[in-house]
Structure formats: structure tokens, C-alpha cells
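Protein chains in written order, with the working numbering: chain H, 1 to 317; chain U, 318 to 559.
A few of these clues could be false.
Stated by the list, open to error - For lysine-lysine, the following DSSO-like pairs were computed, each having C-alpha atoms within a straight-line distance of at most 30 Å: (1) H:K297 <-> U:K489; (2) H:K166 <-> H:K253; (3) H:K166 <-> U:K489; (4) H:K303 <-> H:K111; (5) H:K111 <-> H:K253; (6) H:K303 <-> H:K253; (7) H:K166 <-> H:K297; (8) H:K303 <-> H:K183; (9) H:K83 <-> U:K489.
Stated by the list, open to error - If we take Cβ atoms under 8 Å as the criterion, some of the chain U residues that face chain H in the derived model are: (10) P402; (11) H496; (12) T502; (13) E529; (14) P533; (15) R535.
Claimed, not checked - Covered by chain H, according to a simulated footprint, are these stretches of chain U (three or more residues, beta-carbon under 8 Å): (16) 503-511; (17) 514-527.
If you are wondering where the hints come from, they were derived from the structure by calculation, not from laboratory data.
As the structure is a computational prediction, the values presented were derived from the model and not from experiment.
We treat Cβ as the ideally placed atom computed from N, Cα and C, and that holds for glycine.
Listed below are the residues making up each chain.
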Amino acid sequence: MSKGSDQNRQLEAKKPPAGDGVDLGRRNFLGAAAAAAGASAAAPAWGGNTFMDAMGSFFQDHYQRMSDEEISDALGRIERRAKRDYGVAILCRDTPPQENVVFGYALNISKCQGYRDCVTACVRENNLGRDSQMQYIRVLEMEQGSQNLEHSEHYYDPETVPVDGKYYMPVQCMQCDNPPCVKACPVEATWKEPDGIVVVDYDWCIGCRYCMTACPYWARHFNWSKPEIPAEELNPNTNYLGNRPRPRGVVEKCHFCTQRTREGRQPACQEACPTGARIFGNLLDPNSEIRYVLENKSVFRLKEELGTEPKFWYFTD
Amino acid sequence: MKRTPYAISAMATAACLAAWMVAADPESGDAAEAGDAAAAAAETARELPPRVNNHRPLRGNPADQSEAANPPSPFSAEAAYGDVPEFSVVPRDDALSFYPCENCHGVMPPNPERRELYSPHPATLDHGAGRIWCLDCHAAENRNVLTTFTGEEFGFNEAYMVCGQCHYQPQKDWFFGGHGKRVATWQGERELYNCTHCHDPHAPAVRPRQPEAPPPIRRGLEAQELERAHHGSVIEGGTKDE
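Just chain U, same shape as in the assembly:
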């Protein structure tokens, strides 16, 4: 294939362009009306390969067949970490005052509007700094269960699956025993306290508390030790200006 006619003149170039346009639309009946030069140019242009667009959309990539069949739910300890030691959770729903919630909500239409709630619901939600509200954790259609952001439903005894959406590091530690507390035994059956056993989900920060009584002061040490307790360290006074 010779490409020289393209370079001869501007006219030839124009003719070539016209011929290509004709070639690109082979059904056009106007191709015969072009001039001789254009016809000659068209003869060579017809042999150009059709222009293809090399853009391949990413979404056209083949799906992973192995996972597409039945992907495991990401909302399980096994899916997340695989080797979590077996455990059970201290039941939580029997500690809830108004459970089951459907006693009231079963006959009330769900109202998805963000609004202030009244008793018996907590008036304030001191959790998430205003970024979350009731129906981010409570399922709108079934108040007896909790929900994740992706719509998975968990009972109140599996609250740790809901908490772990944001608090994933404490959740991982909890699965393996680095966070939270194991009940009664270090050996044998592993029973854990749920997140909500210690943390009020509507105000999870730990509130200060009075400590147990201090140890008795040894006989003969009263003056010195009380000075320590109330006026700072005695030793500090001795070594401050060294």
C-alpha cells in the first residue's frame, strides 16, 4: 500500500479525506459523485484498516468466577480472620428493658426521619459526634435486631458484628482476647462479654468512678506518707535541685 498521494497536495489530501469519509460509510450512494481524483484516492483509501477504538472499559474485565458464585459474608469472624478461637457470648437481650422491641414497634410504621426521640428512648446519642443515628444500627423494618450499613441483620447478642464496622481494631482484639474480658475461666469453654456489656452504645465513653479505699498506712509512717499523698512526693523535694 502506497501512501504517497496523501502528501502530493492539499487538494489530494482533501480528496483523500472525502474518499475516506465515503469509505467509512459504504452504504452512502453519493460515493460515485466524487471527482476522478477523489475516486483514484478512494481506491487506495479503501484498503486502510478500519479505525478501532482501543479503549477497553475496566468494567468489562471478566468477573472472578470462583468468588462470584457464592461470596462469603464479610460479616463473620471466620471471614475476617479465619483462625479466631471458638467463643460464646454472654447473652445480652435479656438485660434489655423493653426487649422484644416489636411489642411496640410491631404496630407502628417506621419513621425514617432524623428527629429527637422521647422516653423510653435515650434523648441524646453521645456516640459518633452526630454522624450516626438510630437507624444506622437499628433495623427500621425489624426492631428486634440490629443492622449493618450494608443491611445485614444481627441480634443484640451479636452486637460485636455491628460495632466492628467502625471499631475494627478493638473488634479484632476482642475476637482474639486482647480487648474485653473472658468470663470465669482461662481454660476450656471460652465465654466473652459482649461489647455492650461494658460500653453503653448510646454513650460509650467510660465514666469516672470513685476508687476503692486506699491501702492502710503502715504504723509509724503516717506523717511521711500523708505528706506524700497530699503535698506531692517527699523524694522529689530532695532531688529536685541536683
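Next up, chain H with everything else stripped away, as it sits in the complex:
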């Protein structure tokens, strides 16, 4: 605990003078106001926001209820906040889902060698905190001939991989068609988009973490601290429901790189995988790679008996 507090203090100290790191969202507005009333003279007004931005953040509605104009305002606030927090000019967009597209993923566990290149690429692409334990993808080192997840090892660090007698199974959000996390959320801050991606409105999440306990795949992660990202590594191509810089105290998860895939690009993990084990595509297109795999390979899904209908398949050659 003390270590964490020290770290927080250090982070506070590193902040540019204009801001004290207090994100004036709905959640902590009252707290900040109370603190201000309690004579914390160091805090600048509105947490470094302009008055309009602070009010805009406070009254910002749920993503699905916002008009186009309100979303455009919200995107502007996100960009200004990133500029203030990280000193980087980012572009935040709200890319809509494409018509007649439902995304699916297939992963060849005969090919995966356990390099973790997908993890590194994901961290960079999605602006995950470098200092936190946050990683959307966990590569599990499994005993050959076993499917026992309890005996898997995700901290493996040998000289070289693959290790004899082991195989590697990356686990990330399965983008379930029947997502238990969505049912668990008490404020409907997470939902399934028309293209099958389960997304989170980070500005609406209250950080109760019910969804994390509801998820059987360890796919959801909580921001215990504000994500620490080196300014030169911040990915400026961001998306409202995707990789925009997140505040502290919200849950996030893999979103199939909405900022890339909704524009026709491959997700960052597929692009990084050197083995070609990852296959991504449109489940509704009969000529897509993913459909070929599903129709011609022996595939399985993780914990299929739970009825969550994952859109993430594993297969073997």
C-alpha cells in the first residue's frame, strides 16, 4: 500500500503545473469540490480544465444517448485532456460500425510460439498503462496434452520459447455474443455493438468491477492508477470506444482495436504476430479467412459450456 501511495505522490509531482491530475469527471466532481472547500489551495480551478470543459464532462451523457453534436464536443474534450495530461496532440474519433460486419477471431495454437509480440503491440496500440499490470492479452503456457487453465503459467520467462512439452494459448476478450459482463453492469456502461464488439463507455463506468467478476475469461481489467504512458509512445490515433486515454478507476478490455478494424485494418495483435497464428475477419463474409478456418479446421472455444458464445475460436492445424 505504502509503495502505491509513494508512486501516486511521485506521479502527482510529475504533473505539469497546469493540472494536479484530478480528472473532473462526474465521479470525483463532488470529491474535488469538497477538497477545494477544505482549503486545498494548491489545486487550480476545475482541475486544469476550462470551466466549459469541466461542465461538459460533468453533464456528459451516456454514449448511446448523445447526439452527434454532443459526441463531437466530447471528442474535443478528450483531445484537449490528452494534450494537457500527456502533452501530445491526439486525434479522437467515433468510428461507427460497418454494415453487415460481425467480427470474429481465430487463433492457431499449433502455430503460437509464446513470443508475446501480440501483447507488446497491444500495449502500444491501445495506450495501456506501462506501469500497471494492465494487459489485454495473457499468453498462457500450458502443459501439452492438458487443457487445465488452473495449471497454466502466464509469468513464464525462459531463455527461448517454445519450451519442450508446453504449448501456448493467448487469452483475451472473447467478444461473447451472450456477454455476461454486459448483464452484470448496473449502469449499462458496457454493451455489444452491432459489429459484435463489446465496448465500454469509460466516461460512464462507475468502477464497481462487477463485470470483472462476471467475466469467465479474465478479459476485463481495472485501472487502479492513472495509465502512465511515455509521451513519445502515446498512439495518437484513438477512438471514443477504443484506445483513447482512460481515466483512473474505470474498467477496460480488448475491443478488437475498433480504431483500426472499423476502418478495414487488422488488429494490432494480428499485425504483430510473426507466426501467422492469428486470423481476423468478418464472420458474415463467406469468402473471408475466418470463415475458411471455421469451416475447414477443428476449432474449439474456451469454456464453451458456459453458453457465453465467444466469437473467438482456437484451432489446430
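The hints should help you fit chain U onto chain H, whose structure is shown.
This is chain U only, laid out in the frame that chain H set:
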């Protein structure tokens, strides 16, 4: 036609045989010198149908006219699988150090003898367990291209046609997207990495490599998690003797 004279006696049989032999060779002038009995027998034998050999060689079967005219090359994705989605390949020849090969080989006579090669050629061929060698894939007469076992020639950018002669299942998966990797996009133009982009054709097995750093261990979990990582699973100890 009566066949009874055949059964009368051995002599008659012999005469019949002689008469048949004569009949089989109608130009023989000795037919008249046979005995009366033989002549009588020959009269009936002449009416036997000529013996025919019913063996019809298989190679005499009529050729399939439709295919004989212009058979499609078996060395194309279309001929093999018909409905392969369109694709292009990331060019490979500009990644080759000494390409075009004719810079040297254009002035050297081809030497088809199996032998050890020296630099700049790879000294060992860790592929095919000794069953193949250079000129099974490289065209002897034109080193700028690859060749199949049947003599079709393909550029280095079409190496997948050469690889697929033996590795036909990975090749099929590659055509349709189950093997290999699509570049950059899941939508629109389909660009694929060639076989040789990932596999060194002279040593195609994937070599081990150091993994990226493991995830940071959560605060407060250090001892337990390190024990897991270095001494096997903690949970295993608890449930082993159930």
C-alpha cells in the same frame, strides 16, 4: 458345323490339328500333300472362325478429347481449387541479396552434379532430409527463376507454387487464409506474405527465440506468483492428493 471328327480318334485329332495348321496358313503349298483323312478333316476345319486375341491394351483407350486439346496447367491456384479469393503477394525478389542470379550464372555453364556448395550459397540444406537439392527447385538453365519437378518455371515471387508441390495442405490453407498471414487489412485488397517471407527455404524449421517480457506481477502477489513461476503451481500442491 459338325465337330464329331475331332472325337473319333487320336489320329483324327492329329489330322485335324494338321489341317488347322494348314488352314491357319492358307498360303502354304504343302496343304495338298496331307492325307485323305486329313483333307476330309481340313474341309470341316476350314470353316472354324479365325482365332482372335481378345486382349485390348489399356493404352488403346480413346483419349479424352476435351482435355487433350489444351489441358490447364496444374500449377495454378485456379486449376487446383477454382474459387480461391483474389490475392497479391508481398514481393520477395528485392529481398534477395544476389538477385538477379544471372549476374554470375549467366556466364557459368550449369553443373548438374550433386555436390557441396560454397559461399555465397548456403553450405547445408536443412530441408527434405537429403531427398532434394538445389536444382530440384532452382532452374538449371535460368537461375533467375524456380522450377517445379515437371519443369514449370516460377519467379521468386511465386515461390508458393514450388513449395506447394510437397506441402500441398499448407498451400491450400495459405490460398484461403488458414495458413500464413494477410498484410495490414481484413477488408479490401488481399495481400499475403509469401512462404519464403517466414520460412527460410534452405532451413524452413522455425528457430526458438526469446519471448517479450512477462507481465508485471501485481502488488502484493509477488511471493505467491514467483513461487508459481519457479516451483510449479501452488494450486497443484493443494489438490495433488485428493
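Hints versus structure:
1. Proximity of H:K297 to U:K489 is assessed by CA-CA distance (about 12 Å); at most 30 Å being required, the pair is judged to hold.
2. Our distance criterion of 30 Å between C-alpha atoms is met by H:K166 and H:K253, whose separation comes to about 27 Å.
3. The suggested pairing of H:K166 with U:K489 holds, with an alpha-carbon distance near 28 Å, which does not exceed 30 Å.
4. Our distance criterion of 30 Å between C-alpha atoms is met by H:K303 and H:K111, whose separation comes to about 21 Å.
5. A distance of roughly 25 Å separates the Cα atoms of H:K111 and H:K253; the hinted pair therefore holds under the 30 Å criterion.
6. Proposed proximity of H:K303 and H:K253 is supported: the alpha carbons are some 19 Å apart, at most 30 Å.
7. For the hint pairing H:K166 with H:K297, the CA-to-CA distance comes to about 22 Å; that is within 30 Å, so the pair holds.
8. The straight-line distance between the Cα atoms of H:K303 and H:K183 is roughly 18 Å, inside the 30 Å bound, and the hint therefore holds.
9. Straight-line distance between C-alpha atoms of H:K83 and U:K489 comes to about 49 Å, which puts the hinted pair past the 30 Å bound.
10. Annotation: interface hint on U:P402 holds; nearest CB of chain H at approximately 5 Å, less than 8 Å.
11. Evaluation of the U:H496 hint against chain H yields a held restraint, the C-beta minimum of about 7 Å falling below 8 Å.
12. For U:T502, the shortest C-beta to C-beta distance to chain H is roughly 5 Å, which falls under 8 Å, so the interface hint holds.
13. Taking 8 Å as the C-beta contact cut-off toward chain H, the hint placing U:E529 at the interface holds, the least distance being around 4 Å.
14. For U:P533, the shortest C-beta to C-beta distance to chain H is roughly 5 Å, which falls under 8 Å, so the interface hint holds.
15. Of the supplied interface hints, the one on U:R535 holds, with its beta-carbon coming within about 5 Å of a beta-carbon of chain H, less than 8 Å.
16. Counting residues of the stretch 503-511 of chain U whose CB lies closer than 8 Å to any CB of chain H gives 4, so the stated coverage by that chain holds, three being the minimum.
17. By the rule of at least three residues with a Cβ nearer than 8 Å to a Cβ of chain H, the coverage given for the stretch 514-527 of chain U holds, with 5 such residues.
Of the hints listed earlier, the one the structure fails to meet is number 9.
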